[in-house]
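Enquirer: Fit chain X to the known structure of chain P by using the hints.
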Amino acid sequence: MQYAILNYLGCLSVCAMSWACSTGEGEKPAPNNLVLTLQHPDYFPNDIPMPADNPLTEKGVELGRMLFYEKQLSADGSISCASCHQQSKAFTDGLQFSKGVNGASGDKNAMSLANLHWTSRFFWDGRAKTLEEQALEPISDIREMNLEIGEAVDRLQADKDYPEQFELAFETDQISPELIGKAIAQFMRTLISGDSKFDQWIKGEIELSSTEQAGMELFFTHPDPSLQIRGGNCGDCHLGFLTSGDRNGLLGFHNNGLDNDDNLNQGLASVTGKNSDRGKFKAPTLRNIALTAPYMHDGRFETLEEVLDHYNEHIQINSNLDILILEASNEPIKPREDIKLHLSPSEKEAIIAFLHTLTDEKFITNPKFSDPFK
Amino acid sequence: MKKLAILILSIIGFTACQNDDKDQIPAETEVNFSFTHLFNGEEIDLENQTYTLPAGESFTPRKFKYYISNITFENSNSGASYKIEDGYFLIDQAGKKEFSVSLPTAEYDQLTFYVGIDKARNLSTDQVGDLDPNNDMVWNWNTGYKFLVLEGEWNYQGSERAGLIVHIGNNNPENEQNFKAISIDLNAKGKSLGNKASINLDLEAELSELFIHPNSIKIHELENTSIMGGDVAIQVANNYQEGLFSLK
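If you read the sequences in order, they're chains P and X.
With my numbering, you'll find the first sequence wraps up at 374, consecutive numbering, no jumps.
With my numbering, you'll find the second sequence wraps up at 1248, consecutive numbering, no jumps.
Isolated chain P, as found in the complex (with noise of 0.2 Å):
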């Protein structure tokens, strides 16, 4: 077992020295504006391509920077997308639903933002396919900063500095909704979490300790109890080193059973129009979990010992309950019983004790990711 782990750190100890990718494509060198590449560890997966149309430049991440800390961007010049998206709390907001402007109340819990580049489809119910198209939907939704985007378009023309910084991130001072899309999910993409207690562990810097060990054994195994193999079958949605939803399509949606047939919340349905994705969510990143309380998609569990205790024995059987969570059990499963993972206190312990070795300190402080007009 030892001999796996050290042959592992082996390896990325010298995939870790390439720490720098190189992602960019497409991109048309402008004056002034040079073309940047994302900056993220050399383990994170190197395959996805920068949005041709839209690549990573210099003056684009600085304007959406600005965007995203621009409280203009609101009806009433209260609140910015920082407003729900707190730095110190890895971009959420520590509230169950997030409030808009005149005191609006939403019904889903603000997502954390971190690793965007690595996750597909966006909002809880997957209803954005891409970054640019994300990042424009809380600005006129209604329930939160409830300005029509026309409105917001003839706000930064009307700015004295916003003209002049478009022109330099798209070689144009006439502002639109796809430039404001553009230039903000540009600012997103850079929010890299890559340097927690687990990353330095992936590199071979530090070990972690054997609680943490254990707990992240667990995280990434579903249980067998014939093979007498433990888990605590996070890792078949929460994947690999993100430790977040499966790219690909749709296959990062699941239905955690939070509620039986009867209450179950349309989720990713409401896209897909299919009965079957009734109740099915993003599986969101975990990485910072520990500073995103609430959890779920409608924060419904303060702690993570709560989520810890939803998944061991208090899942609700649905018709569309995912098969991983129905078929997995460290004890034999018999029919017509409740399903629990029948996980002791101290792996659950174990587990949460793994989940806090994903808080990225670096992140939280991070001064590229601060608000410019502080």
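These are calculated hints, taken from the structure and not from any lab test.
Quantities reported herein were computed from a predicted structural model and do not represent experimental measurements.
Don't take each hint at face value.
Heads up, simulated BS3-like pairs for lysine-lysine below, C-alpha to C-alpha not over 30 Å straight-line [what the hints assert, rightly or not]:
#1 P/Lys334 x X/Lys1218
#2 P/Lys274 x X/Lys1097
#3 X/Lys1097 x X/Lys1196
#4 X/Lys1248 x P/Lys129
#5 P/Lys340 x X/Lys1218
#6 P/Lys89 x P/Lys362
#7 P/Lys274 x X/Lys1096
#8 X/Lys1063 x P/Lys129
#9 X/Lys1063 x P/Lys274
#10 X/Lys1083 x X/Lys1218
#11 X/Lys1218 x P/Lys129
#12 P/Lys340 x P/Lys108
#13 X/Lys1191 x X/Lys1248
#14 P/Lys203 x X/Lys1248
#15 P/Lys340 x X/Lys1063
#16 X/Lys1083 x P/Lys108
Expert: Frame of chain P; chain X shown alone:
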């Protein structure tokens, strides 16, 4: 002047043709593999399509993926062979179902490839080819890769909702019994390698074969609907060795 040009071009053209026909054997042959996955003869659909397993159970597949590795071409007369080094390819019904390899041109009439990852590479997790641990195919950090994954919804005679989870891998580094060689006679299908610059090998996998040959596997007779190791996994592995793949 124009006529002269045409004359010269014709001569060049003529000579080029002659070269192609006789002397120009390419130094390398590119072999393009593609895989089609069938269920009872129809191409499988992971979007709510239900099929009948050989034992009469109903099955709605959601995921089917596996590794192909250790590809070797052989000349059955001389015994000469060429192995593709570091060739590990993840074939995924929801993703990539093709890949290409190159080898020095020679007469080969037999192909062998393996389903799974050899012992030497299985636990090293060193990310050659498609062995990226982010691909949802590592069992966990210590136990190596899943070789073949089939998951879906399973039902038998109105039973309660259940998932059929087939994860075949090799948890035990001391045995390789689920790492299986598939042998294909290229000659029989007129697909021998020789002097061609490229050749397409279109393989079909009939998934019902995973449950019948040589081992008949009736899921409703098993203790549960997960096959992730032990004797039943070995039976499935024998089945993918024997009957799963055929060359079109």
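Enquirer: Now look at each hint and say whether the structure bears it out.
Expert: Verification of the supplied hints:
1. P/Lys334 x X/Lys1218: holds (18 Å)
2. P/Lys274 x X/Lys1097: At roughly 26 Å apart (the allowed maximum being 30 Å), X/Lys1097 and P/Lys274 satisfy the hint.
3. X/Lys1097 x X/Lys1196: holds (23 Å)
4. X/Lys1248 x P/Lys129: Cα-Cα ~37 Å, so violated.
5. P/Lys340 x X/Lys1218: holds (26 Å)
6. P/Lys89 x P/Lys362: holds (12 Å)
7. P/Lys274 x X/Lys1096: Holds. P/Lys274 to X/Lys1096 sits at ~25 Å (cutoff 30 Å).
8. X/Lys1063 x P/Lys129: holds (22 Å)
9. X/Lys1063 x P/Lys274: Holds - the C-alpha atoms of P/Lys274 and X/Lys1063 are around 18 Å apart, at most 30 Å.
10. X/Lys1083 x X/Lys1218: Violated. X/Lys1083 to X/Lys1218 sits at ~37 Å, over the 30 Å cutoff.
11. X/Lys1218 x P/Lys129: Violated - the C-alpha atoms of P/Lys129 and X/Lys1218 are around 41 Å apart, more than 30 Å.
12. P/Lys340 x P/Lys108: At roughly 27 Å apart (the allowed maximum being 30 Å), P/Lys108 and P/Lys340 satisfy the hint.
13. X/Lys1191 x X/Lys1248: holds (10 Å)
14. P/Lys203 x X/Lys1248: Given pair P/Lys203, X/Lys1248 is violated - Cα atoms ~45 Å apart, limit 30 Å.
15. P/Lys340 x X/Lys1063: Distance ~24 Å between P/Lys340 and X/Lys1063 Cα, so the pair holds.
16. X/Lys1083 x P/Lys108: violated (54 Å)
Of the numbered hints stated above, those contradicted by the structure are hints 4, 10, 11, 14, 16, listed in ascending order.
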